[in-house]
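2 protein chains.
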Amino acid sequence: MSKKWLEKQIKGLLLDITGVLYESGCDTAIAGSVDAIKRLRQNGIPFRFCTNETQRTTDSLVSKLRRFGYELDKSEVIAPAPAVRHMLIKQNLRPYLLIYPELMPEFADIDQSNANCVVVGDAAQHFTYDAVNKAFQLLLSMKDPLLISMGKGKYYKEGNELVLDLGAYTAALEYATDNKAVIMGKPAKEYYMTAIDSMNLKPEDVVMIGDDINSDVGGAQQMDMRGLLVRTGKYRPSDENHTTVKPDAIVNNLADAVNQILTHRAIANNSDS
Amino acid sequence: MSKKWLEKQIKGLLLDITGVLYESGCDTAIAGSVDAIKRLRQNGIPFRFCTNETQRTTDSLVSKLRRFGYELDKSEVIAPAPAVRHMLIKQNLRPYLLIYPELMPEFADIDQSNANCVVVGDAAQHFTYDAVNKAFQLLLSMKDPLLISMGKGKYYKEGNELVLDLGAYTAALEYATDNKAVIMGKPAKEYYMTAIDSMNLKPEDVVMIGDDINSDVGGAQQMDMRGLLVRTGKYRPSDENHTTVKPDAIVNNLADAVNQILTHRAIANNSDS
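For the record, the sequence lines run as chains B and A. Position 205 of the first sequence, counting from 1, maps to 205 under the numbering used here, and the rest follow consecutively. Position 125 of the second sequence, counting from 1, maps to 125 under the numbering used here, and the rest follow consecutively.
Simulated from the structure, these hints should not be mistaken for lab results. Errors might be hidden in some of the hints.
Claimed, not checked - So, partial list: chain B residues that the calculated Cβ filter (under 8 Å) puts toward chain A:
hint, residue
1, A124
2, F127
3, T128
4, Y129
5, D130
6, N133
7, F136
8, L140
9, E161
10, V163
11, A168
12, Y169
13, A171
14, A172
15, Y175
16, A176
For each residue, glycine too, the CB sits at the ideal point set by N, CA and C.
So here's chain B without its partners, still in its complex pose:
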């Protein structure tokens, strides 16, 4: 595979969490990933964790990663729920929350009576017909229906299985109500920009590393980041022949990507001196 992605300077990284730092359903880090994060810090390469995880609060996610051996600060995590929370407060919105129960604390102090918008997270088993139908009916009753979704992921890995993600239910509600969702998560450009801005960088300086060929790799490339696909998480061999998305590189895992970046940097620094 071409090393072209290394030739232009890499000033920062965006790192997906699930499938890159740990496998969903397995309670350990992916081999080499804890060390890879340490090496990025040692070498002064800035990065942000850019996740579409919406089954738990950011606090809970950070605690989980620390249990796996990661050293990180909550401020380094860009997750959809705080972004949605910010939007709800700013626009004085009262949501009907079609989300996973463990995420509810993130919205505990937000008025949810007499809903004037619908918020979709990865509700998983809680995507019952009655809950989805209620979201549909509320949208239908609104003069200007507002559907906010914490991503458009098609599926993710849970244990050894690929399972349906929130994007499918977002698409269902969009179809039934003739309405486009506002996406507050990957692959939305505004969402990626929040992460990139927080490092004071430009998209073309940044490499996104993830296991989702669409939201991570395709989403990054659509806004002029480089997009790397890892062969961990929900990666499937067929992703390597995806009809529309061609990753800038496919790496075995995060450690592989970080190795290549640091090796290339060392060689470049040597030839500079």
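Given chain B's structure and the hints, the job is docking chain A onto it.
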């Protein structure tokens, strides 16, 4: 409203059932509809009942309509399930059935082991996350995923409420699997043609009467039938200003449409003689 739709000869009718013959959730016929059907027969105007009802077998649907006072034969009803059944047998397909339990008898003798296709009906409360996820996983595991859906309706009326229809779940599975469903129901052209062919007519000779602005009216117009919207069933006042679909006429109910057709025919016959 223009009477232009009456000017070209009407050689036959397609009639939606739910919302035209009876209101879903109410156990009586819509006022005037039983008599309207009788008058069509008396006047020798051929028609077919063209429904997307997939919560019960055709036998059960015919029995229900007879209880409401309708005289009809099973052969006059064009419903998705028998069409899907025919396709499954002809193509030797083994379905995973994401359908309402009351419809299962229609497929009782079809091998459902080791599924090589997914069939979606209006499963309503049985659209659990686990059932939809299983359909998703099966499609993902197939070399050539085959998703068959008994329509693409967005919503229908149940009692006094509009509720989410199978089209939303079809859209969800299409999105998650990057695959287009084969639609065996309105508004699929092949499906409408089955009904039109059974009367030995051409689309331009036929008027479709229904309460679904998209599948009934829009679907009919897309294949050069005339499409009439009734103000019963799931009709909403906002349908009269639909952004893309403009019905050839909007009538109060089936009786209103039949009155207009028979009156116009009587006048035309008188002026002929």
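Minimum Cβ distance from B/Y129 to chain A below 8 Å? holds (5 Å)
Hinted contact B/Y175 with chain A - closest CB pair below 8 Å: holds (4 Å)
Holds or violated: is there a CB of chain A closer than 8 Å to the CB of B/V163? holds (6 Å)
With a cut-off of 8 Å, does the beta carbon of B/Y169 approach a beta carbon of chain A closely enough for the hint to hold? holds (6 Å)
Quick check on B/F127 please, does its C-beta sit within 8 Å of some C-beta on chain A? Constraint on B/F127 satisfied, holds at 5 Å.
Restraint satisfaction for B/A176 [CB to CB of chain A, less than 8 Å]: Hint holds; B/A176 Cβ to chain A Cβ min 4 Å, cut 8 Å.
Quick check on B/A124 please, does its C-beta sit within 8 Å of some C-beta on chain A? holds (6 Å)
Are B/T128 and chain A close enough, Cβ to Cβ, to be under 8 Å, as the hint says? This interface hint holds because 6 Å falls under the 8 Å limit.
Verify the interface restraint on B/D130: the C-beta must sit less than 8 Å from at least one C-beta of chain A. For B/D130, the interface hint holds, since the closest Cβ of chain A sits about 7 Å away, which is under 8 Å.
Holds or violated: is the Cβ of B/A168 closer than 8 Å to a Cβ in chain A? Check passed: Cβ of B/A168 comes within 4 Å of chain A, closer than 8 Å.
Hint B/N133 vs chain A: min CB-CB distance below 8 Å? Holds - the Cβ of B/N133 comes within 8 Å of chain A, reaching about 5 Å at its closest.
Quick check on B/L140 please, does its C-beta sit within 8 Å of some C-beta on chain A? With Cβ-Cβ at 6 Å, under 8 Å, it holds.
Every hint from the earlier list agrees with this structure, and none is contradicted.
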